[in-house]
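Q: Sequence:
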Amino acid sequence: MAHLDEYVNDGLRTLLVGQRKIPDAEYEPWAAKMHAAEIALVNREEERYAVMDEIELGLELMGATAIEDKLQGGVGDTIAALRDGGVKVWMLTGDKVGTAVNIGYSCQLINLEMNMLRCVAGEDAEKGVQEGGVADTVGLTDVDKNGVPMTDVLTAHLNSLIHAHDAFQQEQERVNETRRRDQVPLLPPKESCLVVDTNALRGVEEAMESGKDSEVGQLFLKLASRVKSVICARVSPKQKSKIVAMVKESLPLKVTLSIGDGANDVPMIQTAHIGVGIFGLEGQQAVNSADFAIGQFRFLKPLMLVHGRWNLRRCSLLTCYLFYKNALLVLPQFFLGVRSLFSGMFTWYDLVYQWFNAVYTALPILFVATFDQDVNADIVMKYPSLYKDGLERKFMTHGSFWRWMFEGIMHGVVCYFFVEIAMGEDVVQSNGKAIGLFGAGIVMLWLVDLVANLRLGLEILYWTGYEAAFITVSILVFYVTWSVASSDNDFMVSVGYPNIVYGTMGWMMNGSWFWFTTFLTLTFCRMPMYTIYVVKRSFLPSRADIGREIASGWINGVKQSEGSKTNGETRVLNTDDGHIELQDVYAQSPAGRSSAL
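Per the UniProt record's numbering: the sequence shown = residues 1 to 597.
Simulated from the structure, these hints should not be mistaken for lab results. All C-beta atoms in this analysis are idealised placements derived from N, C-alpha and C, irrespective of residue type, glycine included. Please note: incorrect hints may appear among the correct ones.
To be verified - Distance windows between CB atoms, simulated: (1) L187 to Y466: 45 to 53 Å; (2) L61 to M396: 52 to 60 Å; (3) Q284 to M396: 29 to 37 Å; (4) R20 to L187: 51 to 59 Å; (5) Q354 to K70: 57 to 65 Å; (6) T397 to V534: 16 to 24 Å; (7) Q183 to K70: 41 to 49 Å; (8) V255 to L59: 36 to 44 Å; (9) Y466 to R226: 43 to 51 Å; (10) L251 to L437: 52 to 60 Å; (11) E68 to L318: 45 to 53 Å; (12) K238 to L186: 43 to 51 Å; (13) E177 to L281: 50 to 58 Å.
Input sequences plus hints: build the corresponding full structure.
A: Listed below in structure tokens is the structure:
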């Protein structure tokens, strides 16, 4: 066994080989039970594992194997980037505790500067005490016949780990407070990591499933949420799934993502909110059961940091904009109802409601929600802290939704009352006829269409020319459709358009009051939002605002030459704790940003 420990300390994956002769009298009943477990309709996996445990007893040890499970390229960089982006990374592995810890070091999940908290039972707990592991003085050696720690012992141990973690953080804060008073550079923060094995996890699971003591599960999740990384060692495929389910159910506001490359990762992948499978040498089971499939682990970095972030912002923009433009569409009808004492008259025809969403405003938002980028991929990959915008729910909040709805209401007020004030009771056509209700409705619809499409333009941050083309086409489609509708032709009469619409586009385009009303409406609708947008970028920039400035070559208000590397970039991007936190540092010099906008 000493050789086995040496292999583990070297980070090798070990496997014990044993044998025993099974007589027919024992095998045949066992085989029948195994067949029944394999065709069970309920709890099939549990039944199979229980039957397998019955036969794997009394084995004669033949030897041990040790192989190097070489990491793919870019694993360490990917995990480090995800951690800088605010992602909590857990490693669930079937390896022994020592092997799992060494793999954690090699993939940069943990480092020597971390405060390692161990929650392991039995033999591993005793080894931890001998090796001087932090907080192992309260070892989980009091276990039942299956190696599972007693509930009261596990509760006390978790409380001691939480106390050790808090004391460690308080001591560091005290030291930094002293250094701050002495005007000495602060020490970088030292994080903690948690190492837990299968027996300790089984104790947590049994306590939570029994319902007698939910405190154990709460303490475990409390500790796991405070540390930087978690390593779960010697866990089975079923246990991996249970761990993900526990986090998913106990922390409903968190989103879980599982990634793996083998058949033993399938339950975990299917349990998480998002499953990612890696094409590996162990078959296609993980890929076939996942939501996303990638070729190597390092591709998880662009999948999450780039495409995940882009799509979260796009979906948020799409949702808010759809509510905004529909509120803008229906409000003029509501105001007309108030003015007409709810007589039932319509500002425009029913067909307009379908055309507005399907024709007049469809193309721009579809293109933007598919291709828009607030920050280019290179910047996001270089500065993973930009991913925190999504974790902090800055793209889609109650505040942002109601801000869009407020804009829709205010723009609807402007579009209706500006037309009413401009037209009054005196605007008539050249033939002496009054414009009428439907003529006024077309003017309002023109303004609504124009305001809705141009409002989207303020949200576009990646102009390729297609966006401007689609917005222009959408506005031209309105002109073409209503020019046809107001023309003298039998087709429009046959589909139900009254002749009161005849000639409306002609007098609209020839009337100076129409263009003046259009100018005033766009000014009142766009200028407040544009002013807020500029002020916010100048004095309260977001991480994305600063990322775009860096991408365009502006550092502290100074345009950098291509390929130059200045001290300004370091000042902008590095904080006292050594992490890239664009917003906090850049806010120290707001005056230097205005020229970059």
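Q: Which hints from the list above does the structure break, by number from lowest to highest?
A: none
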